[in-house]
Amino acid sequence: MRIWIGLALLVIMSCSEIKQQHWTFSLPKDARWVITPSQGISLQQLSQESYMRLLDPVSSVPLIALDFIQKKIHSNLVLKAVAIVRSTSTRNTTLWIFETDEEIEEWAPLFYEPLTQNNYRFGKVVIHRLLTPYGFLYAANIHDYWIISAYSGVVERSLAAYMGNDYLYSDFGDSGLEEQSKNSKRAGMDVPLISADRIKPAEQWVVLQNLDEWVEQLFQIRYRPIIKGATDGLSAVKIQGVLNENRDGFVLRAQFSQSDSATSTLVRSLTHGNHSIELDRYIASNAAGFAIMHYPLKFSPYMKNAASSSLDSLLLSEPELYRGLALSTDEEFGVVSYAESGVAATGEFLFMRLLQNPGIVKQQFEQWAEEGMVRKVDQSYYVQSDLLAELFGGGLSSYDNFYVNFSGDAIILAARKGLVETVEADRRRRRVVYYENHYRELLDNGWENRSAIIWFSSKDFNQFLAPMLMPDASLEPFLQGFDGAMMQMQRIPQSNRTRFVLNTFTLEGQEQPYEELWVWPLSADSLVATPIAVDVMGSPTQEVLATTVNGTVIAVAFDGTEVFRVQTGQDIPIGSPLVYDWYGNGQKIIMQAAGTKIYAWNTNGLLLPQFPIEVGEEITTPLLVTDVLRNGIPELVIGTAARSVHVLDGRGQNILGWPQKVNASVRSTILHTQWEDEWVLVAHAENSVHSWNSKGKVKEGYPVFFPAPLMSDPFVYDEKWRGTGADGVFYGLDTKPIWSDSSRQILQLQQDSLKIQGIPVSTAPLISLNHYPSVLLKDSTGFFRKDIYAMVSESGSVFLYTDEAKLVANFAIGQSVTSQSDLHFVDIDGDNNLDIGLAGSFGRLFAWTIITQERLFELPTASIRYPMFVDLNGDGQQELVALTRDGLRCWTINQVQ
1 MRIWIGLALL VIMSCSEIKQ QHWTFSLPKD ARWVITPSQG ISLQQLSQES YMRLLDPVSS
61 VPLIALDFIQ KKIHSNLVLK AVAIVRSTST RNTTLWIFET DEEIEEWAPL FYEPLTQNNY
121 RFGKVVIHRL LTPYGFLYAA NIHDYWIISA YSGVVERSLA AYMGNDYLYS DFGDSGLEEQ
181 SKNSKRAGMD VPLISADRIK PAEQWVVLQN LDEWVEQLFQ IRYRPIIKGA TDGLSAVKIQ
241 GVLNENRDGF VLRAQFSQSD SATSTLVRSL THGNHSIELD RYIASNAAGF AIMHYPLKFS
301 PYMKNAASSS LDSLLLSEPE LYRGLALSTD EEFGVVSYAE SGVAATGEFL FMRLLQNPGI
361 VKQQFEQWAE EGMVRKVDQS YYVQSDLLAE LFGGGLSSYD NFYVNFSGDA IILAARKGLV
421 ETVEADRRRR RVVYYENHYR ELLDNGWENR SAIIWFSSKD FNQFLAPMLM PDASLEPFLQ
481 GFDGAMMQMQ RIPQSNRTRF VLNTFTLEGQ EQPYEELWVW PLSADSLVAT PIAVDVMGSP
541 TQEVLATTVN GTVIAVAFDG TEVFRVQTGQ DIPIGSPLVY DWYGNGQKII MQAAGTKIYA
601 WNTNGLLLPQ FPIEVGEEIT TPLLVTDVLR NGIPELVIGT AARSVHVLDG RGQNILGWPQ
661 KVNASVRSTI LHTQWEDEWV LVAHAENSVH SWNSKGKVKE GYPVFFPAPL MSDPFVYDEK
721 WRGTGADGVF YGLDTKPIWS DSSRQILQLQ QDSLKIQGIP VSTAPLISLN HYPSVLLKDS
781 TGFFRKDIYA MVSESGSVFL YTDEAKLVAN FAIGQSVTSQ SDLHFVDIDG DNNLDIGLAG
841 SFGRLFAWTI ITQERLFELP TASIRYPMFV DLNGDGQQEL VALTRDGLRC WTINQVQ
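Quick note: the sequence shown uses the working numbering, first residue 1, plus one each step.
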């Protein structure tokens with residue numbers, strides 16, 4: 001009987017549920033950065049948080065895919081945390097932890113790919129593979145939490161961390177994961193990476209013990225052994241950030257604990273003890289960055305640190321000699337980096353250490369020079385000694401042969417003779433950071449005694465590190481927006497805790513990448529289309545003319561003051577407003593289509609005679625004002641919900657031959673252009689292209705029907721029509737083929753005498769088409785110019801094609817785009833290189849330089865819609881005007897110096 005009871009208990013225990021724990025237990029051991037958003041925050045709101053600007057460059061952020069899933073699920077998924085986690089040896093991804101009562105097994109089949117294995121078991125938990133239009137996600141449900149990532153391995157590591165001891169005894173069956181469970185460092189650990197009682201909503205935590213692994217990913221392989229283990233002994237720390245009062249920088253504060261018995265040399269140097277700082281009097285003002293630290297002295301040489309040099313052999317055989325040097329040395333030492341120095345093509349660095357008795361040390365080096373143990377070159381010494389590099393380099397120097405020089409009470413070590421000699425020259429001329437105003441100001445506002453100071457210049461330090469980084473790694477996202485920073489650290493007495501504060505600064509006279517000009521208050525969803533820039537009032541600058549959903553048409557001057565305001569009443573506006581010389585006398589008239597009417601006002605806000613014109617049908621297209629009859633008198637062109645295209649005169653009557661009927665409502669802008677020696681109107685209606693001459697006669701061969709609805713506005717260039725479809729195809733239309741099919745698969749269709757060709761570009765709809773002539777490009781053969789066609793897919797990709805149907809660039813923004821995104825060709829930063837810019841559906845502004853294909857980071861970070869780039873005051877600098885949460889907002893993008 002006891003045997004059966006024992007067997008029953010064993011079965012019950014093996015099938016028992018995984019222990020329910022706090023979500024912090026699901027953080028993998030290799031998490032780098034953990035964000036706990038504010039309670040109840042939506043993904044849309046999350047995308048507008050300032051820290052999201054940093055997430056994109058350092059990890060994959062599948063916001064749009066998560067948003068797609070959340071919209072399909074009836075109940076809300078409460079976001080508990082986002083963690084940056086390693087995905088490969090050089091890349092990171094995000095882990096998303098949601099809290100919900102929903103069982104994932106009920107919803108996962110909605111996202112399964114047909115005829116494919118869409119889930120697998122990981123111990124006692126099932127991991128699901130979810131297909132979205134924006135890529136795959138992997139998700140698992142453990143108790144009240146959904147764990148989601150773009151990488152299955154990240155979900156597995158999260159589950160292993162959560163299950164703890166249960167992970168060791170999980171039934172992996174034939175999954176091949178038994179060995180992984182035995183080798184997992186997290187298996188059996190019952191302590192989360194961050195304690196549940198310490199972490200709260202609306203916080204950011206940096207897992208300092210993993211900081212070295214994060215840094216390793218950025219650097220080339222040959223530098224990684226130096227970095228490995230550099231942050232051992234630290235723990236996770238909560239970061240608190242505050243903007244400066246003048247908004248030209250920020251302050252970060254935190255306290256962290258360290259295990260003194262397990263700390264690395266670097267951590268111990270940063271946190272050893274508090275002292276006054278002396279070495280800043282020896283560091284040149286042109287240094288890219290420096291760290292001043294304190295490290296306890298060792299009075300006996302370590303055999304393992306010694307090389308086979310004769311000087312090391314001498315120090316090992318005479319330990320009292322080494323002890324005498326150590327007693328003459330102070331705990332304070334520094335590491336200084338230079339972006340450019342002397343003849344060096346790349347950056348350099350040196351070590352310096354404060355001496356308590358410099359005379360004794362100098363005398364010893366002179367004696368060694370006479371004995372031939374070191375070689376004296378001018379006023380410097382060439383030394384081969386690992387023991388001296390370790391003593392005077394604070395335990396961080398990797399030199400085995402180097403030059404030594406002295407300056408005041410400091411000894412200087414560097415790989416180049418010229419570099420060690422510059423220290424004394426700079427000190428004598430007071431060209432050192434100690435006398436720099438921005439440094440002194442930060443120093444004087446800090447603590448009296450510190451354990452360490454770290455300082456860097458953003459531009460120069462980035463230049464110093466660039467040759468060491470992996471090809472696709474960049475520090476620019478972290479360094480933009482300020483000229484430099486200082487970190488001060490102070491050990492808290494009688495404890496194992498250290499406080500630090502990081503202050504960024506902006507140098508006086510230095511221009512910021514952008515400056516805010518004004519904000520015009522509007523409700524968040526108040527624009528109907530992208531504003532336009534036009535000289536409404538006859539001033540030297542252009543005004544911003546915009547229309548809101550409640551029927552207000554406003555003009556805002558360059559200084560942010562309102563200069564024009566009118567109303568369309570209950571009529572809902574369609575498209576952007578426009579300005580036209582309606583009477584042909586130079587008087588500017590503001591016009592707007594709204595509801596079933598067309599409005600027109602003079603610059604005083606008074607309606608013109610005959611306006612508003614009542615069309616009698618709901619208008620579905622932006623208003624086009626053009627001289628259709630080519631007689632010097634303008635007409636009004638619109639499309640309506642009655643599937644009609646109207647051409648109206650100044651009295652609101654259709655001219656002869658109009659209106660014309662189409663197969664569906666026209667909703668995109670109507671084009672008036674010269675095509676094949678004739679002025680025509682061109683309109684898109686669902687999947688068809690229509691064209692008429694001024695008298696309403698249908699162009700021969702039209703309408704032309706395409707396999708999918710057309711998404712772009714009508715476009716005719718060089719006598720050829722081009723457009724994009726909801727099937728992700730770039731279409732061309734002419735009487736003869738536009739593109740050669742010799743090297744790529746091109747769709748070939750024909751309708752009567754017209755040739756239709758299509759280039760498959762994207763699996764998602766192509767929602768827009770932009771053209772820019774004669775763009776400077778570069779390939780392996782050199783520079784050349786080509787016309788560029790830019791297409792934007794609904795999934796958030798930008799494709800640049802030449803007129804020969806060759807793809808020259810492809811950019812991805814990681815989130816969907818809408819009609820509110822608007823792609824622009826413009827030299828954004830004034831460096832004489834053409835850029836492209838657009839906003840994602842979550843409001844992030846993205847931009848790239850076409851010739852280099854490098855992303856521009858120093859742009860406004862506010863969530864925007866309907867962006868417009870324009871030089872409002874003619875000074876050569878672009879203004880960015882866009883709708884934000886605060887209203888219509890304008891920035892000046894400063895030129896690159």
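These aren't lab readings, by the way, just hints derived from the structure by calculation. Be a bit skeptical, because a hint or two may be false.
[What the hints assert, rightly or not] Each computed DSS-like pair below joins lysine-lysine, with the alpha-carbon atoms no more than 25 angstroms apart:
1. 362 to 417
2. 720 to 786
3. 755 to 778
4. 228 to 298
5. 597 to 720
6. 228 to 200
7. 720 to 699
8. 362 to 376
9. 736 to 755
10. 736 to 786
11. 806 to 778
12. 597 to 695
13. 661 to 695
14. 755 to 720
15. 597 to 661
16. 124 to 29
17. 806 to 786
18. 29 to 228
19. 200 to 298
20. 720 to 697
21. 29 to 298
22. 200 to 29
23. 755 to 697
24. 755 to 806
25. 699 to 755
26. 661 to 697
27. 228 to 238
28. 200 to 19
29. 19 to 29
30. 228 to 124
31. 19 to 72
32. 298 to 238
33. 786 to 755
34. 736 to 699
Hinted pair residue 124 and residue 29, Cα distance within 25 angstroms: holds (20 angstroms)
Hint consistency between residue 29 and residue 298 [alpha-carbon to alpha-carbon, up to 25 angstroms]: Given that 25 angstroms is the threshold and the Cα spacing comes to 34 angstroms, the pair is violated.
Given pair status - residue 697, residue 720, alpha carbons within 25 angstroms: Distance of about 20 angstroms is within 25 angstroms: holds.
Restraint check for residue 200 with residue 19, where alpha carbons must lie at most 25 angstroms apart: Holds. Residue 200 to residue 19 sits at ~22 angstroms (cutoff 25 angstroms).
Pair hint outcome, residue 200 versus residue 298 [Cα-Cα no greater than 25 angstroms]: It is violated: about 43 angstroms lies between the C-alpha atoms, which goes past 25 angstroms.
Given pair status - residue 29, residue 19, alpha carbons within 25 angstroms: With a Cα-Cα distance of about 19 angstroms, the restraint between residue 19 and residue 29 holds, given a limit of 25 angstroms.
Distance restraint between residue 806 and residue 786, which requires alpha-carbon spacing of 25 angstroms or less: holds (10 angstroms)
Given hint residue 661 paired with residue 597 - CA-CA distance at most 25 angstroms: Roughly 19 angstroms between the alpha carbons, so the hint for residue 597 and residue 661 holds.
Holds or violated: residue 736 to residue 786, with C-alpha atoms at most 25 angstroms apart: Distance ~21 angstroms between residue 736 and residue 786 Cα, so the pair holds.
Restraint status (C-alpha distance of residue 362 to residue 376 at most 25 angstroms): Status holds; Cα separation ~12 angstroms.
Agreement of residue 755 and residue 806 with the hint, judged by alpha carbon distance not exceeding 25 angstroms: Measuring from Cα to Cα gives roughly 20 angstroms; hence the hint holds.
Residue 736 paired with residue 699 [C-alpha distance capped at 25 angstroms]: holds (17 angstroms)
In this structure, the earlier hints numbered 3, 5, 6, 19, 21, 30, 31 and 32 are contradicted, and the remaining ones agree with it.
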